[in-house]
Amino acid sequence: MAKERMDFIDKGNKTTLFVSRLVSYIFLIFVTILSLFSFYLLIINSTRSNAQLQAGFEVLPKEHFFDNLVTAWNDTSIFFLPQGMLNSFIVAAATCILTTYFSAMTAYGVCVYDFKGRNFVHKFIILIMMIPTQVGALGFVKLVNELGLANTYWPLIIPAIAAPSTYFYMKQYIDSTLPLEIVEAARVDGSNEFRTYNFICVPILKPALAVQMIFAFVASWNNFFTPALILDKKELYTLPIMLSIVRSRINSQAGDMGEVYMIILLAIIPVVVVYLFLSKFIIGGVTLGSVKG
Amino acid sequence: MNDHNLLEERTMKKRIASALLASAVILSVASCGNNAPAATTTKAAETTTAAPAANNDTQAAPADTTEAAATDAAAPAAADEGDTFNIYAWNEEFKGFFEKYQPGYDAAAQTLNGVKVVWTINPSDNGVYQDKLDAALQANASASSADKVDMFLAEADYILKYTDSDYTMDISQLGLSQVDTEYQYTVSAASDSNGKIKGVSFQCCPSALIYRRSIAKDVLGTDDPDEVQAQLDSWDKFDATAAKAKELGYYMTAAYAETYRVFSNNATTPWVTGGELAIPDAINQWIDQADTYLKNGYTLTSGIWGDEKNAQMFKDGKTMCFFGPAWYFNFCMGNAQDPEKGCSGDWAICKGPQGHFWGGTWILAATGTDNPSLVADVMRAFTENEEVCENLIVNEGQFTNNKKVNEKFANDPSFGSDFLGGQNATAVFCGMTDSIVWANATIYDQLLNEGLQTYILDYYQGTCDKDTALANFYAYVNEKYPAIQTP
Amino acid sequence: MSSTTASVRRKSISYAKWGYLFIAPFFIVYLTCSLIPLLFTFYNAFFENYMDGLKQIGPNFVGFDNFVTLFTPKSSGTIEIFKFAGNTMIMWIMGAIPQIVFALLLAVIFTSERMKIKGQGFFKTVIYMPNLIMASAFSMLFFTLFSNVGPINQIIQAAGGQVFEFFNNVWSARTIIAFINFLMWFGNTTILLMAGIMGIDQSLFEAAAIDGAKSSQVFFKITIPLLMPIIVFVVITALIGGLQMFDVPQIISSGKGTPNNTTKTLVMQLNAYIGTSKNYGMAGAVSIMLFIITGVLSFIVFRFTEPKKEKKGGKK
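Protein chains in written order, with our numbering: chain A, 1 to 293; chain B, 294 to 780; chain C, 781 to 1096.
The hints are simulated quantities; they were obtained by calculation from the structure and are not laboratory data. Every residue gets a Cβ at the ideal spot worked out from N, C-alpha and C, and that includes glycine. Be aware that one or more of the hints could be misleading.
Okay, the calculated bits of chain C under chain B, using three or more residues with CB under 8 Å as the criterion [unchecked claim]: (1) 853-860; (2) 1033-1039; (3) 1054-1061.
To give an idea of the chain A side of the interface with chain B (calculated C-beta under 7 Å), a few residues [unchecked claim]: (4) Ala51; (5) Gln54; (6) Ala55; (7) Ser77; (8) Ser248.
Okay, chain A solo, but in the shape it has when bound (with noise of 0.2 Å):
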């Protein structure tokens, strides 16, 4: 009905809408080349021997995509790079989960129950938000020594499940999609509380949790700080340790640039099939506010 009234509009300026159209195209194909872009370079350079990328640019693939697949996957100083991906995947699918999972929860309880100090613990989150991760690096990392859990992996997934932009987000989302009707007509059904979250509302809110699951596992994916901090055994390296290792040789007789430019490639490949994955939700459109309107 809606869509009708705009396109009766619409007919009387037909010009200006072939125009914005045909601008709307050009700016989203420029925007495509730009985030393009940097894909094109990486495969073209993982194609190049060390000494071809000296040489200079060159804008077709060359022939040594499989000399640099072998050097990066016999490369010993990194241990064994699927070993890498694996910890990597190990990381990060744990910590979107924990993210995900705990952070919807708490803006949960936050939307649904009246508690004292309910008002206090929003600010308070919010204001935590604000602390950036390198501030209390040192103390953390003082604590995980202390608690013995250096070269571990929980110092680095158990705090995610405390992630206030999660929350902020979450909290968001379900004030404008979670009906609480839902939530008291399960509770007339006998169902327990944790079970009303768990079964009626994280189906509801699946959108905003898959697209907080594509940035927490990206951005643990790739995070480089935190477990440089915290890792000092070669078989337990993330991806960007090992990245940081073979490229930090560049500059030595022993460095090998299509070797780090292999990696990078078979860095992005997971990231990019689990992001396809959820993507749809994306593509989809996560709504704020569709529900109650």
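Fit chains B and C to the known structure of chain A by using the hints.
Frame of chain A; chains B and C shown alone:
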């Protein structure tokens, strides 16, 4: 043109030959889990590479083919030693040599005399290697046997930090003493302030002027090392030649800090005295020279390890001079040796304006090691074992820390490098060892050298004035070393 | 936002105590993993505590000495911490403005009922993809792209120009860093803004159209004001990200903030103290400064946007 093709063909042949040789050595080492030693011979100098017998029991398996190795009777017993041999290093160079030549090393099992060898390699940029090593050394006393650092490598720029601490062992505790085939400066560098020797170097690193023959012919009218040396034996002559090279469309050097080492090695005062930082005169001289060179276009703004400099090593490069020791042209001039784009054979070396050294890799024993006898084995192998040293020269192009072996090759008229157009690099380096002095080292040198080179560039570029550039450098020093008082 | 209506409805529910259970995991983890380390870091700021080579110096209580050092001008006359804070803000703004402008444009294009853009799925998928590349990898790619022997300079030379040293020039170096940050994050921002726009009541747009409003009027009078809460979220998260700027300038400048310390950020400074010298005292002092700056900036952002937000929320 024909010359080039011939040269390339020869290089190719040489490369294939050495690749085959290398793989033969690796194969033979890998395949001798039983006690049959395999042997390959190199044409160039008729030395024998005996792949050692790798015993699977924990007893030491010395390759006692030389008298030197046999003299040490009092090697500590290996009975109650740890089962992991942890080595810390900042790159793969020594690891490669160790895996090829260390007697008793089993490449397939990655064990030395039955003990598992574990390498921890961290880059030296920004002090990362030192940071990680320091943390490990401090934890060594309480670390488990599997994690204890047993042996680590150190460079000239910071070796003092370790030798002058309790984290390294006196080599006499390992049953070693100074041998007279070692070069004196390598021993001085490994000694603490009380004169106790804490380690050995497996390299001697006199650094030479490496020049492009074809460009030297153009600029100086000759490519003969002696004549080139005569024309470049002082900074005045060097500077004058730089101007001439510029006129002909060449660069004298490819990085503004290319000559830094030459000056800093000849400094007469240390960087830090009594906790106060003062830029040595020699380094001030470099600051002025680099300024002139950049302003006049004699050199480039590339870092000494930068892509831009490395690209100058290709055949179409326009740079006449590089500075570096034996390890440099063998490991850092890959572009020059590239079969397609390189210019192998178009190079030669001479002493240059001032004698100096660059780098060097010292082997140190970490206090608390549970494999002291293995550390001692490695130290001996790479300084006293003539066979290992010969392999380092012939197969790896190294200049070893063994006078006797170096001189043998220096005096061999048939020994020469294809890369250097047949020149005998070992002979040139032998002639340079006397001018190396070890003096005025501090524990801070690496990062001070690195920092100054970076921050002073802003002044050369005109981004800021000299005082600001130096102030930025001092601020960097304060971050890295709060104990140093800066101006 | 709609707290008044919500609480009216919620009064009948007497399950309040459950709220504590739901928020408990978050707070337990936050207190142990973040708050304690944070307080410990701050506590360290009042001690002299570092390594000189292999020798541990301190910890000795020194009061506010570390802050005095932090605010003492260098021999060149600059107070470094201010300079680094300035660098951080400049590079953040240079990246954040195009980031938000692009994201707004894209969000409007994607959600426009009028234009019905074809291939939306493809475009939406693609714009987020740069975020999948690690910041360090991104920095490397751009470093080689703009290096003195890189493709951009090859093109400049082929066109008869001189080599331009992008990383030795203050503004080109900063622009490249800002551009990388923009490129990495505009897709993320677009997703958030799109969600916000789709949440706006369509009848408002229809009413505006009937009243004959131009699309620019609709954008500035309806879209932007109603989008304010989500824009606040976007600006604040971008600001936090901006203040944490580290990987990109660290790699572009090899950790040294070249040229002339103009690309050195606050976190790079923090990292420098944690590095070689393990200077926990100075690192603690920098942390406190970072904390204060973040607090002040966030307060300003909230202050500027809060009243508008309340009004629109009430209407809705």
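Status of the hints after comparison with the structure:
With a threshold of 8 Å between beta carbons, the proposed coverage of the segment 853-860 of chain C by chain B holds, since 5 of its residues qualify and at least three are required. Residues of the segment 1033-1039 of chain C lying with their CB closer than 8 Å to a CB of chain B number 5, which satisfies the three-residue condition for coverage. Coverage of a stretch by a chain is defined here by at least three residues with a beta carbon nearer than 8 Å to that chain's beta carbons; for the segment 1054-1061 of chain C and chain B the count is 4, and the condition holds. Because the closest C-beta pair between A:Ala51 and chain B is about 5 Å apart, less than 7 Å, the hint holds.
At its closest, the beta carbon of A:Gln54 sits 6 Å from a beta carbon of chain B; the interface hint therefore holds under the 7 Å criterion. Hint status for A:Ala55 relative to chain B: holds, with the closest Cβ pair at about 6 Å, below 7 Å. Among the interface hints, the one on A:Ser77 holds; its C-beta lies about 5 Å from the nearest C-beta in chain B, closer than the 7 Å criterion. A least Cβ separation of about 3 Å between A:Ser248 and chain B falls short of the 7 Å threshold, and the interface hint therefore holds.
In terms of the numbered hints stated before, the structure departs from none.
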